[in-house]
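Participant: For chain E, the structure is supplied; the task is to place chain W on it using the hints.
In order, the protein sequences belong to chains E and W. Every letter in the first sequence is one number past the one before it in our numbering, and letter 19, counting from 1, is 19. Every letter in the second sequence is one number past the one before it in our numbering, and letter 54, counting from 1, is 54.
By construction, these hints were calculated from the structure, which means they are not laboratory data. Among these hints, one or two may not hold up.
Here are some, though not all, of the chain W residues that point toward chain E, as calculated from beta-carbon distances under 8 angstroms [stated by the list, open to error]:
id : residue
1  : Phe45
2  : His86
3  : Asn87
4  : Gly91
5  : Lys112
6  : Glu113
Glycine included, every Cβ here is placed at the ideal spot set by N, Cα and C.
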Amino acid sequence: MHNQDFFNQAFVYLMAAVVSVPLAKKLGLGSVLGYLLAGIAIGPFALGMIGQDGTDIMHFAEFGVVMMLFLIGLELKPSLLWKMRGSIFGLGGLQVLVTTIVIAGGSMFFKHSFSQAISIGLILAISSTAIVIQSLAEKKLLKTESGKSAFSVLLFQDIAVIPILAVLPLLAQNAMKNRNEHGAAVKLHDAVVQHDVSVLDGWLQLLVIIGLVVAIILTGRFISRHIFRFIASTGIREIFTAAALLMVISIALAMEKVGLSPALGTFLAGMVLADNEYRHEIETDIEPFKGLLLGLFFIAVGAGIDFKLFFQKPFVVLFLLGSLIIVKFIVLLVLGKLFRLGAGKGISLAMTLAQGGEFAFVLISFSQQNNLFSNDTASLLIITVALSMAITPVLLIINEKLIQPLYVKRQNSEQEADNIDEDDSPVIIAGFGRFGLIAGRLLIANGIKTIVLDNNPKNIQILRKFGLKVYYGDASRPDLLHAAGADKAKVLILAIDDKEKSLEIAEYVKRKYPHLKLLARAIDLRHLFEYFSKDIRTVKVEVFDSAVEVGKTALKELGFTNYQANRAALTFKEHNRNNIPVLYEHWLEDKKKYIREARRYANELEEQLIAEKEHSIHDSDSAWDSTTIREEINDRLKGK
Amino acid sequence: MNKILILFAHPAIHKSRVNAKMIEVVSGLNSVTVNNLYQEYPDFFINIKKEQQLLVQHEIVIWHHPLYWHSAPSIIKEWFDLVLQHNFAYGKNGNALRGKKAISVITTGGSKEAYSKKGHNKYTIPQFLLGIKQSAILCKMSYLPPYVVHGTHLLEESDISKIARDYEQAIIALRDNELDMIELGKCTYLNDYLFKGTDK
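This is chain E alone, in the form it adopts within the complex (with noise of 0.2 angstroms):
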C-alpha cells in the first residue's frame, strides 16, 4: 500500500466514524450501528468511497474482536467462569445444537444436500460477539442476568468454532462426494488440506494445542508478571503499551498456527491474567485499540453489505434475513423458559442474539475454499449475515424502548441480585508509599477489601506476597481509575507522593465520582489549603500527629506524668484544628496579594506560634485543680 494510498483510506474511515458515531450516540441508536451506517455510507453501493479493499479491511479488523474478547478475560476469574459452566455449556450448547438441526432442516426443504445444509446450520447458529458484547457493554447490560446470559451463549459458540472449522472439510469430503456421484466431478482435494488445522496429524495436533494452552497459562501466571514488572521499571509508558500489545498478537498468531480461535485463545490469555497486578495498566493500554478496531470492524461490515445482491432478489434476501431472525429468536426463546429466565429476559436474549456473527464470514469463505457450496450460496449466505448484524442495534433499541417497558414491573421484584459482583472493593488507595501503606494495613486489618493503586514496581512485588489487591499504574490517569472500580467503591484514600497530580486527581475525583468519599493526604499546610481552596476538607496533613507524639515523649522526659503529657498533646491539636481555618483565610488573602510563597509560609509560622503563645495548656485541666476550692474554703474560714 502505498503511503498516500494509506492516509486517504484512514482518511475516509475516520472521517465517517468521527461524523456518524457521536450523531448516532446522540440519536439514542448507540455506537454500533453508528459505525455499521457509516460503513454503508462510504461503501461502494452509496457513496462509493471504498472498494473491494473493504474485505481486506474487514480481516484485519477482526482483530479487535481479538481484542475484545482477551478483555473480557481479564474481567473474567476462572472462578467465575466455572461458576457459569452450566449456562455456557447448557443454554450455549442447546442453542447451537437446536439452531443448526432447525436451519439445517430448512436448507433441506430448499433442496441443500444434507451435508450442505448441516454446514449452513452450523455457519448461522453462531451470533456476533463484536456487535452484542459492545452493544451490551455500552448499554451497561453485561452484568444483568440476561446480559450473562448471552455471554455464556456467545462463549460457547467462540469455542464451538474450533470443532466446526474441523468438520467443515469432513462435510465438504462428503459433498463432494454426493456431487461426484451426480456427475459433477471436482478436483480440489487439496483445498480440503489447506487449513492448518488439518496439516498435522490428529494426535499430534492434539498435543501440540494443549501445550500451548499450558504455555499460556503457565507464562500468564508465573513469568509475565516479571517481564511487566521490569518493563514498568524503566518508566517507559508507550513500551508498557507496545509490551501488552506483542502479547495479544502472539498469542493470536500462536492460536491461528495451531489452528484455534485466536478469540479464543486471547480469551484464556485474559483470564490467566484476571489476578496480575498489572491487569488494570494492560486493559486500559489495550482498550482504546480494541475500540478503534472494532469500529473499522463494524464500518466494514457495513461497507460489505452487497446491495447489488439485495437489489436483485429482494424477496430472497429478505427472505432469508426474516427466517434467520425468527428461527434463531424463537429458539432462544424456548431455551429462555427451559432455563427459567423471566419473560422479560427471555426476550431480552433472544433478541439480542438473533443475528449472524463476524466467523460466518470467515466459515463461508473456508467453506467456499473446501468448495462446498456455490459461489451464490455464500454471497446470499453473507448479505443475510451482514443484514441480520446490522439490524441487531435496531432490534435492540426495539427492545429496550417498546418490549422491556412491559416487563419492567415484573422485574423489579425479581431483580436486584444482578450487578452485585464479588469483586468490588469498597475502597481504593491511590498511593501506596509510606503514608497510604499504614492506611491500607488498617483497613486489611480489619477485613476491609481494598484495591492499591501504585506506580512502584518494588512495592507492588512485596505486597502481592501478602495478599493484596495491588496494581501497578499512575492513578492520575482517569481510565485506571474507573477500571479500579472507582464508581462503585464508597471511599478513595489519595497518598500519591506528587502533590500537583494529588490535587489534579482529587478535582477530577469530586467531579466525575461525586458519591466518592475522598479522603486526602496532605504534604504540608500549603498543600492542605490547595485543598481547601478546591473545597475538598477530609485532608490530614501527614507528619503532624507524629510529630505531635514525639513533642509529647519530650515532655514526659521532662518530668510531665504519662497522662499530662497526653492531655497536653491533645489538648494542642485541638488547639491546631481551631486555628487552622483562621490560617487558611490568611493564605487566601496573602494569595489574592501576589505575596510569595516562602513569604507566606513566614506568615504562617510566625501566626502560630503567637497563637500557641496565648493558649494555656492547663486550661483543660482545670477539674483537677483544687486551688480555687481551697481558696473558697479558706474564705469560708477566715469571714465567718
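Facilitator: Same frame as chain E, now just chain W:
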C-alpha cells in the same frame, strides 16, 4: 416548653438492641438535643467549654446509659470530672445549673425484683445512683427519680419497639408538661409517674 439535653453514653452502639432504638426515636424531637458522648469524644478528650454551653442552654439534663458495674459507662464519669467545674457547677459562684432538673435513664439486664433488698443485687437502682444524685444536688439541681428499663436481655423485637415508643412519650411529656413534684416524690421510678393510670 422545656429544653432537654440527653447525654447519651453507650460504647458499642452497633451492638446495642434497646438503647440504639431508644435514642433513635428521640433524636429528631423538637427542643431535644442528643449528645452522643462516645461519638463526640472517641478519645475521651471532652470539649469542656462546649459541654458547659450545652448545659446552660437546656432546662432538663438527662444522663442516658446502660448500667455497667452498678454504675455508668466510664465516659459519663469523665464528663462529670471535667465538665462540672468549680465556680461553674458548684461552689459559691457556681450557679450555672441552679434550678435545672436532672434525670438518669437506665437500661439494665436485671429485673426490678433483682434490684431489691431481697434480690440478687441487694440494692435498688436509686440506691446505686446515689453518687450521681448527690452530685446533682451539689450542683443545685433537683434530681428526679430515674427512668428505668429492666430485663433487656429477654426482650423481643416487639417489646423493644414498645419501649422505644414509651421513651419517646416520656421525653415529650417531660418537654411539654409541668411536673407535679409532690406526686413525683412518691414514685420510685419516673416511669411510674409518667405512665400512672395507663397499663404501665
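Participant: None of the hints should be skipped; say for each whether it holds.
Facilitator: Evaluation of the provided hints:
Residue-level restraint check for Phe45/W holds (minimum Cβ-Cβ distance to chain E is 4 angstroms; threshold 8 angstroms). Given the 8 angstroms rule on beta carbons, the hint for His86/W holds: about 5 angstroms separates it from the nearest Cβ of chain E. The beta carbon of Asn87/W is positioned within 8 angstroms of a beta carbon in chain E (closest approach about 6 angstroms), and the interface hint is therefore held. A least Cβ separation of about 6 angstroms between Gly91/W and chain E falls short of the 8 angstroms threshold, and the interface hint therefore holds.
Annotation: Lys112/W was flagged as interfacial toward chain E, and the flag is violated, the nearest CB pair being 35 angstroms apart, outside 8 angstroms. Interface hint at Glu113/W: violated, since its Cβ lies 39 angstroms from the closest Cβ of chain E, which is beyond the 8 angstroms cut-off.
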